[in-house]
Amino acid sequence: MLEVRAIHKRFTPDKEVLQGVSLSVEPQEILCLLGPSGCGKSTLLRIIAGLERADQGRVLLNGNDITEMPAYRRGVGLMFQDYALFPHLNVAENIAYGLRMHGAPASERRRRVEEMLDLVNLEGYANRSVDELSGGEQQRVALARTLAPNPSLLLLDEPVANLDRLLREELLEALRRILKRLKVTTIFVTHDQEEAFALADRIAVMRAGRLEQVDVPATLYRRPVNTFVAAFLGFRNLLPILAWRGPDTVCTPVGDFDLPLESTSERSAVGSRLLIPPDAAVLDSAQPGTRYAPFTGRVVAVTFRGSVFRLQVAPEGKGEKPVLHFEFRTRGRERLPAQGELVQLWLDTAQMRPVQEG
Amino acid sequence: MVQAALYALPILFLTIFYLYPLLAILRVSFGASFAEAAEQASVALRSPGFWRVLWFTTWQATVSTLLTILVGLPLAGVFARFDFPGRGVMAALLTVPFVMPTVVVASAFLALIGRNGLLNVWLQRLLHLDGPPIQLEQTIWLILLVHVFYNVAIVIRTVGGFWGSLSPTLGESAAALGASPRRRFWTVTVPLLAPSIAAASLLVFLFCFTSFGVILILGGLRFATLEVEIYRQAVSYFNLPMAAFLSLVQLVITFTVMALYTRVQARLSRVLRLRRRAFARRPASWRQWAIVGLALAVTFIGVLSPLLALAVRSFTLGERGPTLMYYQALGENLRQSAFFAPPITAVQNSLIYALATLAISLPLGVIASYALAQPRSRWAAVLDPLLLLPLGTSAVTLGFGYIVAMGPLRASPWLAPVAHSLIALPFVVRTFLPALRALDQRLREAASTLGADPFRRWWTIDAPLLLRALLISAAFAFAISLGEFGATLLIARPDRPTMPMVIYRALGQPGLMNYGQALAMSTILMVITAVSILLIERFRLPQGEEF
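Protein chains in written order, with this note's numbering: chain A, 5 to 362; chain B, 4 to 550.
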């Protein structure tokens, strides 16, 4: 469908924004470009849209080289973060704009506008002025405008970043439903991993002009290739690996753990990190099973979040030790541990994973 | 390629119709050799006339500037600090003098307080006097008064706009630190306002220094600024080298002031960009209401009374009450009148010139704005100063440059609209460019990704969104062309006079009939200009203009 080959781009001589990015997107797939701000993800999107020229590399769409093709001939739809609705046109005229540019007759435009308004749940909004719309409505008009000319590829630049939290989740679900129904190939850009998980079939994590990892969300979550990806996904327990004892036993500042590794290739070198997911701990006095390793510590902080609660636990013992972050279900619990309390935890070694430093 | 050709157009225009005439003046001034030039300069420098003119030009400009600041500052303060009913009308009224042609303003003041003016007529009747009690005609006082009338809007706009963006918390924190209102004003407000007052003063000084129509019409033969002297040397005495030398002296001074102004202005707009908020509040006490009321009254009376007097006087025949005689006379070609054709044809001439000015200055101004709006553009580096220079070049100098440079083209009826366009071009750019810069680049990009090719993108996005700015630019250019006096007097063909020319000629002729015709023609010009101003006010942009 779309293939991006070794794209390089620099705006100033001293900083290369994209350093040889290659990527391919399957038909009907929703791919997410995830990365911190300034990592080059928006620039990559603009290069694919034809709004920016790559210094090197090619862009292929359905096998055709479109690297030199101007934006208006590509048939690639781009939805901007601030929507860029035309202030001098009403909702219907905004949606019909692309159809007009493609020379669709008036009757066809009317029909398609109705169809699009229906799709984004804005029936009856045709004659509204765009500046009387709420943020969520503007976002949906922008989506309708982008989809109206039937783009072969849809690009979304931080599509819900300008909305408040509640609205964001609602719109993400609506967005995924619409995209899957229309079976439109989509790349969207975000810096929020929750958005990425909610919307994407595959996630490409970017960092400083390079792709770090491209995987389906579950794999990405279970096996981040390095500490950057892990930290960006929100993992906070990344303990330094001090040594390996035997084939499976790893030594960390908070204790030694026997890892049930599936293959020896998963075993990382000394100096890497051991990732312990926040939900890998069980708060109980009895050992839940043989893969669980005991861990005692003092509660440093408690945060109640409704269905779950979080503990920050400092391991007992001498010397400077990292504080671990865990999350537990609230259900079935009479009282939460208090700050300063000594707690007995069991850590699921099957969920622990060595991760490359990077 | 196409783009480069387009961007080259305004540069070409400015080179041919601005730089070349200026160089021609230099050539005339310096003659064939350096010795000749030195000789010419020493003749001028030894003549007492030169020093007298230079001295008068400078001191009247200085005094006018001081008076304008004195009148303008309190008004600016009221405008910046208070939000009150009539504020919008006040703003609109204050644009009026800024755009009104000099000849209209001059005849308006003659109609109000001149020898045959409304006030004198009334006072004579009321007090049964034999002669007019107000004797201001051909005195420096009248000139100063008109200069204040003309320029006070600049002070209110520049200082008032800046003052309005100063947060009241600054004064409040000074108050909390124990400063009395007066000390607060002198220790906080004035230092903060200083750069904006400096900018306004420089601009007012520049305008008064190059004052032409006001001096020529109201000063009679007694007063001459450099500008008036250039005109007299060139037209009355045909002493071209002397006129060229005077132009050169004036150019050096105006460019210096202009350069200073640009530096101050650049600093100001940087500060202004940081805080865009306005802090106007409703007046809170009866004292504040009184201040606001006084400011409103002063503005209304100050701006409207001369203009209304002009209109009223043009319909009044001496003691005998209402008449249309002066207007009818405009349509007749009387033998004793100084005109070759019925004066009313000047209206047609002026409108044709103004439309031609639009046709030239708008496309060039729009193209120049696009060139300037390009980020990191080499075109901008050339165009920016090239567009600034005409602002600092007086109209008479420009007209004189055309006389010495244009050779056979001198008699072309096209020369006047070209000169008008050159004068209007910086205004067009300074109105259009901010709007163009404010246009969100993403809208264009969105249009591109939706399939709009560059031309259709421009037609469907840029054109409709910039229409307002374009209309304002057009209104400015139109009003400038209608009222342009200095350059027109030198280059327009006598058989195709513009309205200001007809007014000037009529005022120079003796007799009540000529006086009345001048007022009638001025009234027509005033009404047409007022319509342009209404258009400007109607479409005023939120992001403001760059002057």
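If you are wondering where the hints come from, they were derived from the structure by calculation, not from laboratory data.
For clarity, every value in this text was computed on a predicted model and none was experimentally measured.
Hints are not guaranteed to be accurate.
Said to hold, decoys possible - Just a few of them, taken from the derived set where beta-carbon distance is under 7 Å, the chain A residues facing chain B:
| no. | residue |
| --- | --- |
| 1 | 53 |
| 2 | 73 |
| 3 | 76 |
| 4 | 82 |
| 5 | 88 |
| 6 | 101 |
| 7 | 294 |
| 8 | 296 |
From the three backbone atoms N, C-alpha and C, an ideal C-beta is built for every residue, glycine too.
* **Unsatisfied constraints (hint numbers, rising)** => The structure breaks hints 2, 7, 8; every other hint is satisfied.
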